[in-house]
Structures are given as structure tokens and as C-alpha cells.
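*Asks:* Take a look at the letters that make up each chain.
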Amino acid sequence: MGIKRQEIADMVEKMPAFPHSVHRVLDLASDINSDPKELVEIIEHDPVMILKILKLVNSAYFGLSQKITSVNHAVVYIGLNTVKNLALSTAAIGALPKRTEAGFDMDAFLLHSLSTASIAKLFTKKMNIQSKESFDYFLSGLLHDFGKVVFAHFMPVEFQKALLIAKEKEISLFEAESEIFSINHTEVGSLLAERWQLPSNLIEALRSHHCLEGDRLLVTDVVSAANRISKELRIGHSGNNLVEKLPEEITGRFGTDIDGIVGALGNVKAEIDKAMIFINL
Amino acid sequence: MKIKFWGVRGSIPSPGPKTIRYGGNTTCITVETDDGRLIILDGGTGIYSLAQTLLKRLPVNCSVFISHTHWDHIQGLPFFIPFFIPKNKIHIYGAFDPVYERSIKDVLGRQMEYCYFPVRESELKADIEYTTLRERQTVEIGSAKVTNILMNHPVLNFGYKIECNGKSLFFTGDNEPLYNIYDPHHDYYEEYESLIADKNTILLNFIRGVDVLIADSAYTTHEYPAKKGWGHGTFDSCIEMAKKAEAKSLYFTHHEPLRSDDDLDAVYRQLQEQYSAVSGMPQYAVAYEGLEIEL
Ligand SMILES: [Zn+2]
Ligand SMILES: [Zn+2]
Numbered sequence: 001m002g003i004k005r006q007e008i009a010d011m012v013e014k015m016p017a018f019p020h021s022v023h024r025v026l027d028l029a030s031d032i033n034s035d036p037k038e039l040v041e042i043i044e045h046d047p048v049m050i051l052k053i054l055k056l057v058n059s060a061y062f063g064l065s066q067k068i069t070s071v072n073h074a075v076v077y078i079g080l081n082t083v084k085n086l087a088l089s090t091a092a093i094g095a096l097p098k099r100t101e102a103g104f105d106m107d108a109f110l111l112h113s114l115s116t117a118s119i120a121k122l123f124t125k126k127m128n129i130q131s132k133e134s135f136d137y138f139l140s141g142l143l144h145d146f147g148k149v150v151f152a153h154f155m156p157v158e159f160q161k162a163l164l165i166a167k168e169k170e171i172s173l174f175e176a177e178s179e180i181f182s183i184n185h186t187e188v189g190s191l192l193a194e195r196w197q198l199p200s201n202l203i204e205a206l207r208s209h210h211c212l213e214g215d216r217l218l219v220t221d222v223v224s225a226a227n228r229i230s231k232e233l234r235i236g237h238s239g240n241n242l243v244e245k246l247p248e249e250i251t252g253r254f255g256t257d258i259d260g261i262v263g264a265l266g267n268v269k270a271e272i273d274k275a276m277i278f279i280n281l
Numbered sequence: 001m002k003i004k005f006w007g008v009r010g011s012i013p014s015p016g017p018k019t020i021r022y023g024g025n026t027t028c029i030t031v032e033t034d035d036g037r038l039i040i041l042d043g044g045t046g047i048y049s050l051a052q053t054l055l056k057r058l059p060v061n062c063s064v065f066i067s068h069t070h071w072d073h074i075q076g077l078p079f080f081i082p083f084f085i086p087k088n089k090i091h092i093y094g095a096f097d098p099v100y101e102r103s104i105k106d107v108l109g110r111q112m113e114y115c116y117f118p119v120r121e122s123e124l125k126a127d128i129e130y131t132t133l134r135e136r137q138t139v140e141i142g143s144a145k146v147t148n149i150l151m152n153h154p155v156l157n158f159g160y161k162i163e164c165n166g167k168s169l170f171f172t173g174d175n176e177p178l179y180n181i182y183d184p185h186h187d188y189y190e191e192y193e194s195l196i197a198d199k200n201t202i203l204l205n206f207i208r209g210v211d212v213l214i215a216d217s218a219y220t221t222h223e224y225p226a227k228k229g230w231g232h233g234t235f236d237s238c239i240e241m242a243k244k245a246e247a248k249s250l251y252f253t254h255h256e257p258l259r260s261d262d263d264l265d266a267v268y269r270q271l272q273e274q275y276s277a278v279s280g281m282p283q284y285a286v287a288y289e290g291l292e293i294e295l
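Quick mapping for you: the protein sequence lines, in order, are chains A and B.
Per this note's numbering, the first sequence starts with residue 1, numbered consecutively.
Per this note's numbering, the second sequence starts with residue 1, numbered consecutively.
Keep in mind that the hints were calculated from the coordinates and are not lab data.
Hints may contain errors.
[Said to hold, decoys possible] Derived CB-CB ranges, DEER-like:
hint, chain 1, residue 1, chain 2, residue 2, range
1, A, D31, B, E140, 40 to 48 Å
2, A, H23, B, D35, 54 to 62 Å
3, B, Q137, A, A29, 25 to 33 Å
4, B, E113, A, E244, 52 to 60 Å
5, B, D262, A, D31, 33 to 41 Å
6, B, G280, A, E7, 57 to 65 Å
7, A, G103, B, V119, 55 to 63 Å
8, B, Q137, A, V243, 49 to 57 Å
9, B, A226, A, G63, 30 to 38 Å
10, A, Q66, B, E240, 20 to 28 Å
11, B, K243, A, G63, 22 to 30 Å
12, A, G63, B, K105, 15 to 23 Å
[Stated by the list, open to error] With the Cβ distance kept under 7 Å, some of the chain A side facing chain B (calculated, not the full set):
hint, residue
13, P36
14, K37
15, L56
16, Y61
17, G63
18, G79
19, N81
20, N85
The beta-carbon is built from N, C-alpha and C at its ideal position, and this holds for glycine as well.
Let the sequences and hints guide you as you build the complete structure.
*Replies:* What follows is the structure in C-alpha cells.
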């Protein structure tokens, strides 16, 4: 089954966000004294909401001289109330089910995305990456597997097949996706990010987090490593049972193996717990 | 360029004995270019008296720039008589609605739906054209150039800069200075500060050196804390903007509906006192209905 690129973009336009954030946005919207910080927090923890808002603010409509990659930037740029109403209109579509027909566990998926994002952010702290740029790393982590939710939500039966194939053949899920859909989640994610004019390093991180060829950006390596660490620590589930070894290209960049990286990062668990408390799973 | 104020109130019209001198109509400003083209900024109730004068110079050919679509900036539009007269040409410009994804035509058209108004938009006799503006899109009106920039308000709000033969004007529409939503201990505080600084720099560069700055000064600094986040500026914040942008003159507008003529006089006297010893001040005045400025 091949899917057209345009179809994917159209599907995602209509895609609901994760249940926890939908409920919180609805609560927030009924409270005129709601805290703006809370709104930012909710959007930052939902891959669907954040993608839709960034898509809008980065559209050609706005005369931006630089890309907007963070929710804070969006709030400063188009205003709090507009961001709030955009979140609300996403919430109005409904919420993603907790478990799809494919038996894909959305809670576990969200945990995996959030923990990868948190770990990626931890990298930026350790590496003294500027705070403005560091959100790109967080966001790349949050969205790196976005394509999977698209499959799971819109093509559950076929996605289930892909999950099965990956398990039986002991191959990576993205390879099984390519077999079934002739496009995999890295391509879906980068396709959307590209179409919606998101920043180029984000597009690249989504596209290449499973690919080792060519010149890799630091953000790609960080996301690959964060992805791997999240799996190692068994936080949430990405749908991929195969935990790939961290390739030498990446361990080389950090000068140590995965355990070394985890050790250097400091309190990974605590950082992830912060995100987890937030989504209350 | 000739500038004239037809409405200087914010929020809701406020007619009555206490607002006779400054006027009670909501926002509407006209700019007549050197080559006689008519530009209208916002369609609050002030546009109704403007319409009366235009009936003497038919056919009307004008461009209406809407800062944003809150009621007080559009509620006069259905009563803009030139819409009903054939051969008039009216071009309306405004921002897109990102939340419902509607063009300016759709947003304004709703105001004339069956429940709200007896005449539907499609029944208007004038030749009406709409353009949904992108941010920073420049429109040429005769010898004038009109460019917009996003301001800070609870809906997309364009500030408009009009330049003509070396003279310029900037109208903020409704605007509240940006403020940090985080307390200084928060992880995001610094980043937010720098985002605000960047946006302020962009805005100040955009309006630098304008001859006339017309700015939303709904509140006094004393009133402001209770109105934070409502999307309006203060007299002091407007002075600060004017000074930083090196504007030559500043006109306060969007007066609070409950602020009487005497109150406005008192605010002005207080500002004169407060800023008497401050250097680098622009000329400043409280806008009133009927005020004309020639550049
Ligand atoms: Zn207003
Ligand atoms: Zn307003």
C-alpha cells in the first residue's frame, strides 16, 4: 500500500491531539484567569498540538525573518490569546484514543516521545548549547517518531501488519513500515516538517535519526542517542522492539559508549520524571 | 498627507455630556495622500460621520485598512453609506483569522449576516474588493505606501505605516507592550526576555523616525495592573515607544469609554508635569474627534 504525500499532510490537518492535553486545554479555556505558562507547557508536551501551532506561525503568511521553533516564541510573536485559541481549535477536533485499533499504545508512545525530548534537552544543557537552540533539540526528540502516530491513527490495520513483520523478521520498525507503506515514519515526519516550513535542522533530525550515512548534524546524533537511551531505560514504548546498538559514528562524537553518555548526562531519570509528572500518566 | 480623527474611543461608543470635547465614537482615522487618495484606518462608529461628508464627493474611491476585527474597529462598517451606492470603489484590507482560517472578507461578511444586519454583504452595490494581507505586505495607494506589522493584542492586530513623499505615520491599532510571562527564577525567563527584546527591536526599527505616531493608550499606568493582558497600552508606554522610535509626534487614542473630557485633560496635565524635565520627548497630544494634522 503506497500513500500519497499530499494525503498524509491532509490527514494530519485533521488529526486530534493526545487526550491529556486536550482535556487540559479545554479546562484552561473555561478559566479566564488561566496561567499562560500552563498553556505553553501543555502545548510543549503534545506532539500534535505543537506541530500544528508551529506549522501556522511558520507559514508564508507571517513575515518572519527567522523560523519559530518554540511555543514561547509563538506566544511572543502572535500573542497569547491567538495561541490559546489555536490550541483550543485543535482540542475541539477530539482526542486520540488511548489505544488504536492496531493495538498501538498511545500513552506509551507519548512517554517515549517525551522522554526522548527530555533527554535531548539534557544533552543541550551538558553541551552548553544556547537556550534558544536547545528547544530545537527538545522538539526534534518530541517529533522524531511522529510518523508512527500518523500510521497508527489513520492506517491501523496496515500499521499492525508492520509491527508484526518487524517482530517476526527481527527488523527495525521503520524497515517494516517501508515494506508496507513504501514510506517510513522518518520520511513522514520530515515530509510534514518540510511542507510546513519548519526549521531545517528539525527536518533533518526527523529524517535521519535512523540513518547513518552522510554528514550528520549534531541534533540528529543527539536525537538518535536520546532515542536509544529512552529505550534502554524502558520509558514508554515506541512500537519498535529492536533496540539498535548506538553506532560508532555517534559514540565517537561523544567520545564514550552509551553507559558513559548516560553517566555524563547526570540525573536522566529526574529530568524525565519532570516531564512525566506533567502528563500524569 | 492630511490626517483626521473621526473616532478616538476604545471598546464601545460613549456619547454623552462628558465626552463632547474628545468625542464618543470608536476608532476611525483618515489619511488623505498628497495625490488625493483616501485611506481609512479602521471602521469604528466614527466612520459614520466620515460617510456623511463623502456623500458630497461621489463616486467614492477609497482603501480601508482594518487593524483588527474586534467590534470597536469594525462596528461602523455596515453603516458606511458608500457601500450602498453604485460606482463607488472600496478596497478593504486586513489580517487573516488563523484560528478559523478565514479571510478578511469572510470575517467582515459575517457582520452582515441575516441575524445581525438586514442587508447581506453580497447585496452591497459598490464595487468592493478585499485583500487579506500577509504580514509586512506593502500596498501602494497612489503615491503612498502602506505596510503592516504584527502588534500584541488578543487577536492578530496589524499596526500600519503609511509613507508618502518623505512623510510618514504609524498607527498601532490596539497594542499592549510585551511582558514576560515567567518569573525571574523560571528556566524560560531569560529566553522569553530575549524574544521580547528581539520583537521590540523589529518594531522600533519598523517605525523609527515616523512623523506621527498614533498609539493605543487606553490606560493610565495606575490602572494598568488590573488590565494586564487585555491588549492595550498606557500613556507612559506610548511615550516610551515614541521616544525609543524617535517619533516626531505622538497622539494618544483608544480612550477608555468611561474617561470624561475632564479626566483626559487631567491626564494630559499630569503627563506635562511628569515629563517636563525629560529630554528627547516627542510632541504629544490627546487625539479628539475632528482633530486634523497636516504633514
Ligand atoms: Zn479596540
Ligand atoms: Zn481590540
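*Asks:* Are the hints correct? Go through all of them and say.
*Replies:* Comparing the hints with the structure gives:
| no. | hint | verdict |
| --- | --- | --- |
| 1 | A:D31 to B:E140: 40 to 48 Å | holds (46 Å) |
| 2 | A:H23 to B:D35: 54 to 62 Å | holds (58 Å) |
| 3 | B:Q137 to A:A29: 25 to 33 Å | holds (31 Å) |
| 4 | B:E113 to A:E244: 52 to 60 Å | holds (58 Å) |
| 5 | B:D262 to A:D31: 33 to 41 Å | holds (38 Å) |
| 6 | B:G280 to A:E7: 57 to 65 Å | holds (59 Å) |
| 7 | A:G103 to B:V119: 55 to 63 Å | holds (57 Å) |
| 8 | B:Q137 to A:V243: 49 to 57 Å | holds (51 Å) |
| 9 | B:A226 to A:G63: 30 to 38 Å | holds (34 Å) |
| 10 | A:Q66 to B:E240: 20 to 28 Å | holds (25 Å) |
| 11 | B:K243 to A:G63: 22 to 30 Å | holds (26 Å) |
| 12 | A:G63 to B:K105: 15 to 23 Å | holds (21 Å) |
| 13 | P36 | holds (4 Å) |
| 14 | K37 | holds (6 Å) |
| 15 | L56 | holds (5 Å) |
| 16 | Y61 | holds (5 Å) |
| 17 | G63 | holds (3 Å) |
| 18 | G79 | holds (6 Å) |
| 19 | N81 | holds (3 Å) |
| 20 | N85 | holds (4 Å) |
Of the hints listed earlier, there is not a single one the structure fails to meet.
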